[in-house]
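Chemist: One-letter residues, chain by chain:
2 protein chains.
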Amino acid sequence: MTESDLKQKILLFFRKNKEQYVSGEDISRSLEVSRAYVWKYMSKLRDDGYAIDAVPRLGYKIRSVPDKLFGYEIKNGLKTRVIGKKEIYHYEAIDSTNNRAYELAEELAPEGTIVVAESQTHGKGRIGRKWVSPKNGGIYMSLILRPDVETDEVPSVTLVAAVAIIRAIKDITGIDVRMKWPNDILCGKKKVCGILTEIKAQPDRVDFLILGAGINVNTPVGKLPAGSTSLKDETGYSINRAQLMRQILEELENNYKKFQKKGFTIVRSECKRLSSVLGKNVRIKAHHHIIEGKAIDIDKKGALIVWDGNCERRRVFSGDVSVVSQ
Amino acid sequence: MTESDLKQKILLFFRKNKEQYVSGEDISRSLEVSRAYVWKYMSKLRDDGYAIDAVPRLGYKIRSVPDKLFGYEIKNGLKTRVIGKKEIYHYEAIDSTNNRAYELAEELAPEGTIVVAESQTHGKGRIGRKWVSPKNGGIYMSLILRPDVETDEVPSVTLVAAVAIIRAIKDITGIDVRMKWPNDILCGKKKVCGILTEIKAQPDRVDFLILGAGINVNTPVGKLPAGSTSLKDETGYSINRAQLMRQILEELENNYKKFQKKGFTIVRSECKRLSSVLGKNVRIKAHHHIIEGKAIDIDKKGALIVWDGNCERRRVFSGDVSVVSQ
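Protein chains in written order, with this note's numbering: chain A, 78 to 403; chain B, 78 to 403.
Hints are not guaranteed to be accurate.
Same chains, same label: a pair holds when it works inside one copy or across any pair of copies.
Calculated cross-link-like contacts (lysine-lysine; reagent style DSBU-like; alpha-carbon spacing at most 30 angstroms) [as the list claims (entries may be wrong)]: (1) Lys207 to Lys338; (2) Lys277 to Lys334; (3) Lys338 to Lys362; (4) Lys362 to Lys334.
Source of the hints: derived by calculation from the structure; they are not laboratory data.
Note that the structure is predicted; figures quoted are calculated from it, not measured.
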């Protein structure tokens, strides 16, 4: 049993005995570890920020839980089979969760492995941009996937993830967030989440895919770039990040499984319904050119179809979309 | 001056004084290094396999050069500006030159860096296959490129490289080799070279690209899989591998520069002319499906266009092509 596993079990035991004191002896017996170990782990949990009361003859009781995305907190009650069920690497601060997950994937970490951080010093956005990642409030996570897809299906994996995150945010907060193709999630016109997908690939096979997401959960808006908002700012209350993250992982696994079995088609109609740009006149700054027209469809590979109002329909795989006045 | 640089200079000095003995003093004066250094480097070169005669009062003379792809051999007389002008990492045996180059690229090795080996223990082919890489005879090389392209342009980079390698092989050996789309080079119906492109990428930007090539140069055919041949077997004589490699690097740089300025279009017609499958009825095993029809075009992104004889034209990005009887 790893340290993280044991912490998870102890916390689970507390949760089952909600509001009551539990004795060290009960924990020791239930988890089949020595009393000395229980004592040691209470101390470790306190170091992690858990406030644990100890009363002679009554035992231990958790008074408060730290607002942290520890793997053993996220795993508690997580109803998935793969995603989040492997190692969850937690960092107070890291350069970029995507970079760390990429390294781990190179070292053959299995699908479902997660890197999560309380803050990022060099959070990455698309095409070399930054994702501002202040501590205490955001979810900055990267998930290792090893899908059996070709390179041109990668944009659709991003969309599959976007739909899952949108669902989870709606479930937990009730906010009507929308997807701004290809990789942002908006609340009204403001950015609340960005997704960054990175791959190692050969032309006809993806070796692995890193799905990174930065979500402004309880982040004070003053710490975010202009044009951004946070879920707390929109709802007016703090959101339990571990709970939101569990919901995201469950929706992700659900969507990803469907995608693996049936392809992008299965998520496509929901993806279109959630899109904030379909039906609008858009201007897209793609890699080396600008495309203007009406966004009329998201095709079966996740490309945006833009119609120039005349004869031409263009398939766009990625780019910066702005909606222009009709 | 690195060890490799100094070796290169000493060998260049010998070459300029062809057939004559050169004194240690002349070398020392010309290269501005001490006599002790010259002596030390003669010894190092002998360790590398150079047969160097030393005659009192006459000096040194190179009697024979080892058949090795040392960086300082390849660089001697190499007329490029970038490709092969950075570090050339030479290995007697390595698991895979592509893997090593990928690592180096992650560590920010610049465009033009090369890994070359005399043999590979786990030479890589497409989609997890092996590239048989016996010692003494092949060229196994991987080149780091950092092109400013989108992911869907990667197949065209492979074709740009294939055209360059074909030209170099023709120049040096006179053999009429052809390109078997997407990544093999054939002599008749037999494989003489395979190219493996691997990338690190985001959906709309390639971070770096590893261009790997395995070429059966002087390899005894008995050591190769069925359906393969070597340049030596086709011509009847041994080919100077360092010279062939220089030619390849020069053609590569030439083609790659054109590609960067003008895109794939500039190489496309030559690519089509060199293709062994265009105009033929083909059966392609792509990722999850089989495509049958007539290969009628290579489009502006490097995809193969297959016509089903009726209404449908399909774009294929990669796969195993076999020519079926007409």
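Chemist: Within a copy, between copies, both or neither: which one fits Lys338 and Lys362 at a CA-CA cutoff of 30 angstroms?
Modeler: So Lys338 and Lys362 pass the 30 angstroms test across copies only (20 angstroms; inside, 33 angstroms).
Chemist: Reference check for the pair Lys277 and Lys334, CA-CA at most 30 angstroms: within, between, both, or neither?
Modeler: both (21 angstroms within a copy, 25 angstroms between copies)
Chemist: At 30 angstroms max between alpha carbons, let me know whether Lys207 reaches Lys338 within a copy, between copies, both or neither.
Modeler: between (34 angstroms within a copy, 29 angstroms between copies)
Chemist: At 30 angstroms max between alpha carbons, let me know whether Lys362 reaches Lys334 within a copy, between copies, both or neither.
Modeler: between (32 angstroms within a copy, 25 angstroms between copies)
Violated hints: none; the structure is consistent with every hint.
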